[in-house]
Amino acid sequence: MASLKELSAIPEVLAPGHRLCAGCGAPIVVRQITRAAKGPLVVTNATGCLEVSTTVYPYTSWNTPWIHTAFENAAATASGVEAAYQSLKRQGKVDKEVKFVVFGGDGGTYDIGFQSLSGAMERNHNLVYVCYDNGAYMNTGIQRSSATPKGADTTTSPVGKLSYGKRENRKDLTQIMAAHNIPYAAQVSPAHWNDLYQKAEKAFAANGAAFINALAPCPRGWRHDSKDTIEICRLAVDTCFWPLYEVVEGKTRVTYKPREKKPVTEFLKAQGRFRHLFQPGNEGVLEEIQKEVDRRWEELLALEEISNR
Amino acid sequence: MALETKQVAMTGNEAVANAIKQINPDVIAAYPITPQTDIVQFYSTFVANGLVDTQMVTVESEHSAMSATIGASAAGARAMTATSSQGLALMHELLHIASGFRLPIAMPVVNRAVSAPINIHCDHSDTMAALTTGWIQIYGENAQEAYDNMIQAVKIAEDPRVKLPVMVCYDGFITSHAVENLVLVPDEKVKEFVGEYKPQHRLFDFDNPITFGPLVLPDYFSEIKAQEAEGMLAAREVILEVAKEYEKISGRKYGWFEGYKLDDAERVIVVLSSAAGTAKVVVDELRAQGEKVGLLKPRVLRPFPAEELVKALSGAKVVAVMDRAETFSTQGGQIFTELRAAFYEAPKKPLMRNYIFGLGGRDTTTAHIRTVFEQLKQDQERGSVDRKVTHLDVRV
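So the sequence lines, in the order shown, correspond to chains G and H.
Here this note's numbering is used: the first residue of the first sequence is 1, the next is one more, and so on.
Here this note's numbering is used: the first residue of the second sequence is 310, the next is one more, and so on.
Take every hint as true, because none was put in to throw you off.
Take a look, some chain H residues computed to stay more than 12 Å from chain G by CB distance:
{"#": "1", "residue": "Thr-343"}
{"#": "2", "residue": "Arg-470"}
{"#": "3", "residue": "Arg-545"}
{"#": "4", "residue": "Glu-554"}
{"#": "5", "residue": "Gly-599"}
{"#": "6", "residue": "Lys-620"}
{"#": "7", "residue": "Lys-686"}
{"#": "8", "residue": "Thr-699"}
{"#": "9", "residue": "Asp-702"}
To give an idea of the interface, some chain H residues facing chain G are shown, with a C-beta separation under 10 Å as derived from the structure:
{"#": "10", "residue": "Val-336"}
{"#": "11", "residue": "Asp-362"}
{"#": "12", "residue": "Met-365"}
{"#": "13", "residue": "Val-366"}
{"#": "14", "residue": "Met-375"}
{"#": "15", "residue": "Ala-377"}
{"#": "16", "residue": "Gly-380"}
{"#": "17", "residue": "Ser-382"}
{"#": "18", "residue": "Ala-384"}
{"#": "19", "residue": "Phe-410"}
{"#": "20", "residue": "Phe-513"}
{"#": "21", "residue": "Thr-520"}
{"#": "22", "residue": "Phe-521"}
{"#": "23", "residue": "Leu-526"}
{"#": "24", "residue": "Ile-533"}
Derived from the structure by calculation, the hints contain no laboratory data.
All C-beta atoms in this analysis are idealised placements derived from N, C-alpha and C, irrespective of residue type, glycine included.
With the sequences and hints as input, model every part of the structure.
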């Protein structure tokens, strides 16, 4: 276990001066994850906030080889980069030990990039795919995605006379990735930095494909104060809305169990996108959300028990 | 050293797969689609038997095939893929990205009709829809030309003056699946001809980390696109230089087009790829009867050799351009409209008519070609064309 002081001494690949918003979860996730690579690292980025805000030509914030081609194909692009490495290394044309990481938002990962991600995971390329999940298409202006929580007010699931926001529950992508039976899959939160760093180390050390789903609040889309990003991440974990766990060779391990599970409303009420749920008439929706969080948490605990039997 | 003359019997796809084996790329990422499929199958067998250094990525779609090929090429590898029809259409957005990144990817495209209706047979609607993607396009008539173009494509693409991807196009089934005699260039000579790929910029340069694919706003975007157009212009020189060099190791000549009995021809058919072979038979028959007919088979459509085509057709009285794809412009096929535009400033213009033919693999026989030449004769006698665009051999 590294101390914060040790971690802060590791050279960074993402330079300051990028144009992401204050309080954005994405660069925090990127800086925490890339520290664990410990050596030459190639970054592939899907189209999204992270890509557009860090590479406004002729400037770049990336102090490491970086590639972006399109929106839905970051995993496929990285597959080609990694294949080139395998080939050139075998032929003696590259001698370094290189790590590969991919960053995509939930749009580029859960939705439009889902197929290429599934393909890359099944082919077991030696790379780490990291989803910075801010729960909507933030780059195009806060449209709902399949990662958007039920009840959230977005520009394509707006609250109105006939609408309480998004009607559907979130897709559980971490479980879907674990179901690919890849060497490593995990869910992380920037508030639990040590848990995150250890998981990133394991992901980079895995001999094959690894997937990390990282919660990444968006102050614009979630409508919270920039200073509260980390606090909201902590609430997401303490309410079991965003459990911290990993799946290694089929074994599920919940890496943090809150001593006292807080009601999900603690997480919801900290964000403007759920404000309408606390108006009279929406009590039922809050109940449904709590029920779904409970169900998934119980299921995860059961999975942990069964898989470690 | 004497040139290779020993003939081998291969399908077009087998010949192209063998060309790729001789090129021995670092990475191939591909997805099967009829009629391209057996290129991927042949190549998988080469990999499985250790005959090549290639890392094969069996991706889950053509979109990912082109994405992975771009990733590998940007990393600094010689990377390839191959496709047809819907596969090329699915790749479409990445075609622009490959050329915009100036990546020298050489890709066989086995021409096949694009849905709907779904059809697995030959026409050129797939590659015609990709003419504006910044790729060089080279077409071949038969297995020999497909093989020869494949090897030349690598050298054209990788030339530092060009740095643009190349499509090597040939006809689905007619060329891809028919067994023909051809002559291969010996392995060592191909290896020497294509040389080692030395990219100017690559991801795997950790001392000079590069950002590939940044966001470029209006302040620089136009300059980058203008440079890309310059690369296409430079390809005009390079395509001919590479052809000359290739002639030295193969004995076979290539240029912008093939003229067949064209010099004194009054009535000329312009047609791409395999249909040109059928047209040659008819030209021979009619020439034997004293008819002044000829054929022009374009080889390169991007860059479009406008001046050269105009010059080659300036002696003709009447020209039939045969396009194997609809454009739905109602003004004729792609080659027809571009060729007519090329003649805009020419002092002498032949009469010109257009045939849309052979869609979805409809067989084009010598009888059809004879009808076209008969029509041209009537046009010549009348001194005008009665109908600009005709769908050949279509029931009404």
